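*Asks:* With the working numbering applied, the sequence shown corresponds to residues 608 to 979, in that order.
Rather than coming from a laboratory, the hints here were simulated on the basis of the structure.
Predicted model only: the values in this text are computed from it and were never measured.
Pairwise CB distance ranges (calculated):
hint, residue 1, residue 2, range
1, ASP660, PRO830, 32 to 42 Å
2, HIS709, GLU952, 34 to 44 Å
3, GLN789, THR746, 14 to 24 Å
4, ASN760, LYS696, 45 to 55 Å
5, GLU952, GLU675, 31 to 41 Å
6, LYS882, GLU675, 51 to 61 Å
7, LYS696, ASP660, 12 to 22 Å
8, PHE679, LYS783, 40 to 50 Å
9, SER718, LYS696, 50 to 60 Å
10, GLU952, ASN749, 49 to 59 Å
11, PHE697, GLU609, 17 to 27 Å
12, THR746, ALA930, 27 to 37 Å
13, GLU675, PRO830, 18 to 28 Å
For glycine and all other residues, C-beta sits at the position ideal for the given N, C-alpha and C.
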Amino acid sequence: MEQNSYYFLFANCIPVRGYTRAIICDLTRKTIDFIPIQLFNILIESKKNKIKDIVQRYKGDEKEIMSEYFDFLLENEYIYLCDKDTLKKFPPLSKSWQSPNHISSLIIEYSENFCIPEIIRNIEEYGKLEIQIRFFTKTPINTILKLLSELSNRRICSLELIIPFSNEIQDKTLEKICLDYQFISKFIFYNTPKENIKDHSTPSIIYTHQNILSESHCGFISPHYFNISIDSFTESLYYNNCLNQKLCINKDGEIKNCLNMDRSYGSIHKANLEKIIFSKEFNLYNKIKKDSIDVCKECEFRYICSDCRTFIKYPENIYSQPAKCTYNPYIAKWEDEEGYVSVEECGTYSKNKGFVVDVKKVEALNLELWGG
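With the sequences and hints as input, model every part of the structure.
*Replies:* Here's what the structure looks like:
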């Protein structure tokens with residue numbers, strides 16, 4: 608590498624610092640790479656320095672490590688080598704987030720108690736919709752096909768279907784459905800005899816052993832659910848990435864922020880939809896962003912990981928960590944990894960201050976796990 612050059616970190620490759628390590632989010636390739644805090648600090652604080660000048664600040668092994676860091680960045684196309692004049696010509700990526708929609712996400716529990724196409728027709732004036740329809744009981748394929756036909760002329764951005772597995776839906780039937788209704792983005796078949804994920808197909812098709820019996824089967828935090836995109840990343844900087852612009856309707860026709868929340872804003876048959884959507888109460892959770900949430904605010908995954916405000920560790924604290932999160936950012940370990948300890952073992956909860964990390968204990972844990 609030519610160390611006499613300056614470097615430019617591509618604008619769509621954004622470093623995010625966690626407590627123990629950092630990541631680079633490549634928002635175009637939709638990938639992440641882990642980097643040490645030391646490299647994160649260089650990328651943030653030494654943007655206008657020659658690589659040579661940065662490397663020469665260090666001695667011995669550390670100097671070699673710095674050179675390896677920049678080799679890694681160049682090989683993975685995170686940086687571009689240039690002269691000082693060229694460096695000034697690259698504009699930063701705008702991290703603002705704007706949407707013309709008032710509602711962009713709609714989740715409906717399938718029920719024969721109401722007409723889904725009619726509901727969507729009433730809601731679509733508030734935004735172009737990403738829709739998820741959940742079937743918690745076996746539904747004849749003809750009923751599903753009739754519903755899809757009725758939705759084909761609606762203003763739908765994408766449609767995700769969660770359906771119990773049935774031998775009635777064969778591969779050829781599924782292929783025809785995908786061809787006829789190209790607004791479908793994902794099928795999730797649950798309670799299947801075998802696991803299979805066709806994530807690179809259009810639409811994505813997922814077969815899972817899990818038996819999804821009710822709306823409570825959500826709120827899980829996992830790398831499988833990470834959303835690495837410019838739109839989701841920037842929205843997460845300012846808004847709650849689960850509940851912002853979301854509206855849910857349960858099988859009884861009740862309007863909610865989330866199907867699992869107790870609060871209902873009324874029946875879809877009777878309520879004034881516009882009044883609900885613009886009410887202060889309905890939008891209460893919208894601005895609870897990841898940077899405000901206990902533990903999440905110190906996690907490197909916070910802008911690509913979906914939040915949950917329903918299942919939280921301490922319900923009396925609206926900013927509490929999601930209860931179903933199995934990652935500990937203080938030691939950089941998932942629950943199924945060797946050496947994992949829970950977040951609760953890394954600090955204490957305070958009613959006034961939220962989660963307070965025990966710095967000395969975490970230092971000792973990391974020394975034991977990762978060495979000096």
